[in-house]
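Visitor: Spelled out from the first residue to the last, the chains are:
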Amino acid sequence: MLRYTIKRLLTMIPVVLVISIMIFGVVKAMPGDEVTTYLGPGSRASEQTRMEVREKLGLDKSLPEQYVRWLGRVATGDLGTSVALRKPVSEIIGSYIWNTFYLNVLALIIALIFAIPVGIKQAVKKGSAFDNFWTVFSLLGISVPTFFFALVLIFYVALNFGLPLSGMRDTMLSSFGYQSAWQEFCDVAVHSILPVTVLAFGSFATFSRYVRNSMVEVINMDYVRTARAKGLKEKTVIYKHAFKNAQIPLVTLLGMYIPSLFSGAVILETVFVWPGIGKVLIDAVNQRDTSLIMACLVFSAILMILGNLLSDLCYSLVDPRVKVDG
Amino acid sequence: MSINKKILRVEDLRVYFHTKKGDSKAVDGNHFTMYENETLAIVGESGCGKSVTAMSILGLVSEPGEIMPGSKIIYMGNVDKPEDGLNLATATDEQLRDVRGNEISMIFQEPMTSLNPVFTVGDQIIENITIHESVSKEEARKRAIDLLGQVGISRPESIIDNYPFQLSGGMCQRVMIAMALSCNPKLLIADEPTTALDVTIQAQILTLMNQLKEKFGTSIMLITHDLGVVAQVADHVNVMYAGKVVETAPVGELFKNPKHPYTVGLMHSMPSLATEGERLAVIKGTVPNPLYLPKGCHFADRCPHVMPICREKQPKATKIASRHRVWCFLYEQEEVVQEEIVEVEA
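Order-wise, the sequence lines are chains P and L. For the first sequence, UniProt numbering begins at 1 and goes up steadily by one. For the second sequence, UniProt numbering begins at 1 and goes up steadily by one.
Hints are computed from structural coordinates only; laboratory data are not their basis. Quick reminder that beta carbons are idealized off the backbone N, C-alpha and C, glycines included. Misleading hints may appear alongside valid ones.
[What the hints assert, rightly or not] Chain P is nowhere near these chain L residues, computed Cβ spacing over 10 angstroms in every case:
1) ASN37
2) LEU58
3) GLU83
4) GLY85
5) ASN102
6) PRO117
7) THR120
8) GLU138
9) GLY149
10) LEU206
11) PRO250
12) GLU253
13) GLU278
14) LYS284
15) LYS295
[Stated by the list, open to error] Derived SDA-like pairs (lysine to any residue); straight-line CA-CA distance at most 20 angstroms:
16) P:LYS240 - L:VAL118
17) P:LYS233 - L:PHE17
18) P:LYS233 - L:LYS72
19) P:LYS235 - L:SER154
20) L:LYS137 - P:LEU232
21) P:LYS233 - L:LEU96
22) P:LYS126 - L:GLY65
23) P:LYS233 - L:CYS183
24) P:LYS233 - L:THR130
25) P:LYS233 - L:VAL135
26) P:LYS233 - L:PHE119
27) P:LYS235 - L:GLU63
28) L:LYS72 - L:PHE17
29) P:LYS240 - L:PHE119
30) P:LYS244 - L:LYS72
31) P:LYS233 - L:ASP93
[As the list claims (entries may be wrong)] To spell it out: a stretch of chain L is covered by chain P in this simulated footprint if at least three of its residues, at any positions, have a beta carbon under 8 angstroms from a beta carbon of chain P; those stretches are:
32) 14-26
33) 107-114
My request is simple: use the sequences and hints to build the entire structure.
Guide: Shown next as structure tokens:
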């Protein structure tokens, strides 16, 4: 298991290198440059100043050279400085990523709490009104775009019930300082209701479909009949004997979800002005903030690979037939 | 001949599957009695209701199937009179769970898929013991190892921690048998236990079942379409056709003196050394669709001796010899004792 993990981690290096070259190429291919961002919009700086800034940012070098310099910096642990925010990239990511993580983990947990029992019950009562209702419900969740559902919630729920529309904290409270940790907790909780609902709705839809379909596959298997023939309670038959087998495809899906816990829901964070990493990335792209874009995207890529590795490792935990060895 | 105790009595068992096209009558008025220490074989072609009969004994018939009201499956493992027995057709889930795996257990056709792939074989046997008896896990484990040894698995103390995919089909079936016998059931239902296994393993499994029957005093209900298997292990045989028993007899009697045209047809369609070089006899036609069963005898359309009455009425049981009954109009005319239900006196 350890050998396998190390081997997989080593093969990550070339993959990440190739991905970073591709991202770098795409970022550089975008129109506009960092000089404008650095100088600020509408700046009337002379051509002379512009040249100096170009030189300072290393933009006068050829593209391959720029990439190698970026790589060299990253190798020493320096992710560079954001030209728009004038702050080290690592500091920016460090302060925003937890907002995203909090939002996504909360939504994922809520989605799973509902999706697993609903999906299982759908499979048990396949073809019933219950099954059909939740099938339609989850198809809605999969097909309705995030921004649309978010806007509907803002319009019909937030405005009627006085929920906060945007941000993570109340501006007044946070700028004057919270009186207690409890007050801060409540403030963030209230602000989370809408974004978490939207995210959880989408995840619930995906997960309940998966749970239902993989349960439908196992529920008529011979070993489920054997479990019943033993005299087990129906609950034990379904939740222990059938669900343990249905978990195998779920592990893949969960592994794929791990990167999105950190990398953020770009659209959702934009709609709700949530100070998360997705919002940071969108702003960075709009401002051609190369170092920040590179850091965010390469980070997501690494998470994606790690998520895959993790789900491969988890397979051997849920399915004894899968053996991982070097 | 000693009189064995009755342990299971099935009367007028009807299991219908409610489909969009109408009721599919998988089992339509089945009746038989099982005795202690006896192996009863249920023989018939695919789709004649053998497996459904077995499933309904344990209440495992699932939607859209239904055991119709009026059906009786009286289990008398622990009582003497049928009135005191438990009617499994109307028993509650809780009563059924107490019987399943404990008083009556079952093994299936596909040993490889009948064991749960994500639990060790030990876990699965231990589970069967601990749900029915209050024993510690260690004790249950000891018993499981002992059982695995008894069903002829070598190195049971290491095999117990194996997963089903690490074992062969024959081994898996042995594990299934060990699991089925773990609570000393009165009745073991074996639904085509050797069909998925190759011939040498088949023989081993059948021999094992015979040995265990002697040792544990368990009655066995063996469902099969293989007359060779029947001859090898059964004491008594029920021949089923299209949801009904058409003939019931002790095994020797049945092979020597088959009465029902269908039984006769089955015997003839069996290859034997004596008929070498000849074409095998076949029973012409196919089994009637259980959705549209004929009004009269279900076999009438394929029967070489069909008479007008066969298409009008259902035949009644006719006694041929002690414990030998046949449901056929050919013999009803012979003025033998007729009975509504097989009430078999030894």
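Visitor: For every hint, state whether the structure bears it out.
Guide: Consistency of the hints with the structure:
1. ASN37: holds (22 angstroms)
2. LEU58: violated (6 angstroms)
3. GLU83: Nearest chain P Cβ is 25 angstroms from L:GLU83, so the label holds.
4. GLY85: holds (18 angstroms)
5. ASN102: L:ASN102 not clear of chain P: closest Cβ-Cβ about 6 angstroms, inside 10 angstroms.
6. PRO117: violated (6 angstroms)
7. THR120: For L:THR120, whose nearest Cβ neighbour in chain P is about 8 angstroms away, the distance does not exceed 10 angstroms, so it is violated.
8. GLU138: Given a closest Cβ separation of 20 angstroms, the condition holds.
9. GLY149: holds (21 angstroms)
10. LEU206: holds (21 angstroms)
11. PRO250: Check passes; 29 angstroms lies beyond 10 angstroms.
12. GLU253: holds (32 angstroms)
13. GLU278: holds (39 angstroms)
14. LYS284: holds (34 angstroms)
15. LYS295: Since the minimum Cβ distance to chain P is about 33 angstroms, L:LYS295 lies beyond 10 angstroms and the statement holds.
16. P:LYS240 - L:VAL118: Holds, because 10 angstroms separates the two Cα atoms, which is no more than 20 angstroms.
17. P:LYS233 - L:PHE17: violated (24 angstroms)
18. P:LYS233 - L:LYS72: Violated. P:LYS233 to L:LYS72 sits at ~24 angstroms, over the 20 angstroms cutoff.
19. P:LYS235 - L:SER154: Not satisfied, since the Cα-Cα distance of roughly 35 angstroms exceeds 20 angstroms.
20. L:LYS137 - P:LEU232: holds (17 angstroms)
21. P:LYS233 - L:LEU96: Given that 20 angstroms is the threshold and the Cα spacing comes to 10 angstroms, the pair holds.
22. P:LYS126 - L:GLY65: holds (15 angstroms)
23. P:LYS233 - L:CYS183: holds (17 angstroms)
24. P:LYS233 - L:THR130: holds (13 angstroms)
25. P:LYS233 - L:VAL135: holds (18 angstroms)
26. P:LYS233 - L:PHE119: Given pair P:LYS233, L:PHE119 holds - Cα atoms ~17 angstroms apart, limit 20 angstroms.
27. P:LYS235 - L:GLU63: holds (17 angstroms)
28. L:LYS72 - L:PHE17: holds (18 angstroms)
29. P:LYS240 - L:PHE119: holds (10 angstroms)
30. P:LYS244 - L:LYS72: violated (36 angstroms)
31. P:LYS233 - L:ASP93: Given pair P:LYS233, L:ASP93 holds - Cα atoms ~9 angstroms apart, limit 20 angstroms.
32. 14-26: violated (count 0)
33. 107-114: Holds, because 4 residues of the region 107-114 of chain L bring their Cβ atoms closer than 8 angstroms to Cβ atoms of chain P.
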